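Participant: Chain by chain, the residues:
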Amino acid sequence: MSFKPLQSLVVLALAATFGAPVLAQVKIGVVTSSTGPTALVGIPQKNTVPLLPTKIGDITVEYISRDDASDPTNSVTEVKKLISEQNIDALIGPSGSPNAMGVIQFVADAGVPMLAPVGTAAVVLPMTEPKKWVFKTTQNDDIIAKALVEQMAKAKVKTLGVIALNDPYGENWVKVVGELTARHGIKIVATERFLRTDTSVTAQSLKVLSASPDAVLVAAAGGPTVLPQTTLVDQGYKGQIYQTHGAALPDFLRLGGKKVEGTILAASLMLVLPEIADSNPSKKMAMDYIAAYEKLNGSKPATFGANVYDAGLLLQKAIPIAAQKAKPGTKEFRAALRDALEQTKELVATQGVYSMTPADHSGFDDRGRELITVKDGGWKLLK
Amino acid sequence: MNLQIAVLLGQDGITNGAIYALLALSIVLVFTVTRVLLIPQGEFVAYGALTMAAIQAGQPSAVVWLLVGLCLGSAAIDVAQHLLRSERAVPLRWLFAGKLVYPAVMVLLMYRLPLATLAMPLQIAFTLALLVPLGPLLYRLVYQPIADAPALVLLIVSIALHVSMVGVGLLVFGPGGASTTPLVDAVLEIGGVRIKAQTLCVIGVALLLIGALYLLFGRTLYGKALRAAAMNRMGARLMGISPVFAGKATFFLAALIGAMSGVLIAPMTTIYYDSGFIISLKGFVGSIIGGLVSYPLAAAGAVIVGLIEAFSAFWASTYKEIIVFTLIIPVLLWLSLTSKHVEDEE
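Just so you know, the sequences run in chain order Y and U. Going by my numbering, the first sequence opens with residue 1, and the numbers climb by one from there. Going by my numbering, the second sequence opens with residue 1001, and the numbers climb by one from there.
FYI, nobody ran anything at the bench for these hints, they're computed from the structure. Note that the structure is predicted; figures quoted are calculated from it, not measured. Where a beta carbon is used, it is the ideal one built from N, C-alpha and C, also for glycine. A few of these clues could be false.
[What the hints assert, rightly or not] If we take Cβ atoms under 10 angstroms as the criterion, some of the chain U residues that face chain Y in the derived model are:
hint, residue
1, Y1102
2, V1172
3, P1175
4, Y1214
5, Y1222
6, G1223
7, T1269
8, F1311
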């Protein structure tokens, strides 16, 4: 291990001898699921790529965007190609949790830092040798869950029913919520699963209803968040319904209509931007991003796009630091980039403030989420 | 579990089962007549639901351009065959003119009608008018040129068509899901049990369609011709029943049933561009129970699938899908042990 400082010394000496690389170019691979079942997540991410910084100091940054069609096998193929053919310095993507899980081993083997805009905390937790190369630009489930469970405790919820998606996202939520509620003396009385493709969750919601919990948490992402809630309401459930940040989509309001009024969820401040105090440093970043996105695409971005935008901000900060140590396109540069990313402190981005540590590669704290409710068909800050 | 929950689960299971039954029937119908396993059946369901949702939202749906494209493609082939004067050439007459006029009328209606304010039956009729012709057109363009190919080739082509139709669905309808307003928005209370009027509506329409099919195949000449073609293709051909006609007619019915199922199911759930596959797969399990030949068994099987789905979701929601699809194994075992082996007719 002693050769590493020596190596970087040599590189530094070389860099000093030949002067700073004036026309240095960094190549960033971007893999999104802009087609296929995860397209709802991937399309705003792909549309965000043109907004990423193309010039950092005197380093130009080239983005190579690829689509994996939501297929994990495809993600691996695309990532391998980007590494071997394009010699990328860092990777942003993929969009889906299973897709990201699949590529971790390959980016770690090649020593390429990966900024994953995915929901599941499993890409960075528990920290292992390969996952050292992965940074996650979304709030970890436990930060969101903590906010929700604390709110439940405040509202004197004693029993909770959970309807979760039968996939890694739902699975992780069941685990996280189970631990947190136990700490607050809230009892989980029913845990039911459903599938994204289900046309009916009547049976699951009946099971939850028959346990008559004070509140119900729906742990799902995207469009499927709606069906369990509307079913519960149709069957006459009167308690409070909680949703995860997976529901933080315009689709949730559009599909849910009146039946999702009063839902409580915790998510990024982007949803309730006008209500956020100007003193919140993320407000300006988020407004700038939304304005730029609207100008380019003619529509408002979903928070998934901001996850990619934040990845760009993280790289913007880390690339100049790494460039002082090594020349872009080399293994040393990528290692330095990883180190620089890991040392990111108090970086203000659209969703909150990032402070990475070797143990925490997501880096959000309580500034990364707001408690939000649905009122009159729109998002409102919960007061 | 008390009686009330059992009734609610039964109601849910039968509602879904009714949709699966319709799809199972059309899968059996298409398979017996053309030997095509209609995997894209589910796409008609998704298209139906999403087109209906677009119309109710008052947005002209780009699906009309798919119709235009297929009509023009089909017309172009007619012209080419006419020019080459091959033996299959159709004289360019009314049908050909229809292929050009019909899509033009549909485009005009799509962009001129006040879609959102139309009466619900008209919205449904317009959805069907847009989607049902896709059935025969797809048969004309995709299956008719390879109608004599081995069943395996037809199956592979079906999978290809399914994948392309899902892709086109994403292009036309976008990745977001949609649901529509119920046909009738009311809840009936019978003996303390809440029954949604929409549920009765689904079951009613399903029974109506099944009854209509029964009459069609039992009482009309065209229906009997289709049955003949299903029983013995060569024999039917010798009796002057055109296999091209039989193919187009079955695809017409399949598209009608599929699109109608989509319209029926759309108010109860959220449909995405790729939701159709899993729905038709459950219809397929039903048709397997019917051995891919028997209509009543297929329909009954599909209703059973719906019921098992509802009850297993209640008892063990984690394993629901596994339970439903594992059902196919004992059925296949039973079928392969009891049925006589028939040589593939090639």
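Participant: Could you run down the list of hints and mark each one as holding or not?
Facilitator: These are the hints, each one checked on the structure:
1. Y1102: Hint violated; Y1102(U) Cβ to chain Y Cβ min 31 angstroms, cut 10 angstroms.
2. V1172: It is violated, given that the least Cβ distance between V1172(U) and chain Y is near 13 angstroms, above 10 angstroms.
3. P1175: Nearest chain Y Cβ about 4 angstroms off; hint holds.
4. Y1214: violated (26 angstroms)
5. Y1222: Since chain Y brings no Cβ nearer than about 33 angstroms to Y1222(U), farther than 10 angstroms, the hint is violated.
6. G1223: violated (31 angstroms)
7. T1269: Result: holds, 4 angstroms to nearest chain Y Cβ.
8. F1311: holds (7 angstroms)
Violated hints, in rising order: 1, 2, 4, 5 and 6; the structure is consistent with all others.
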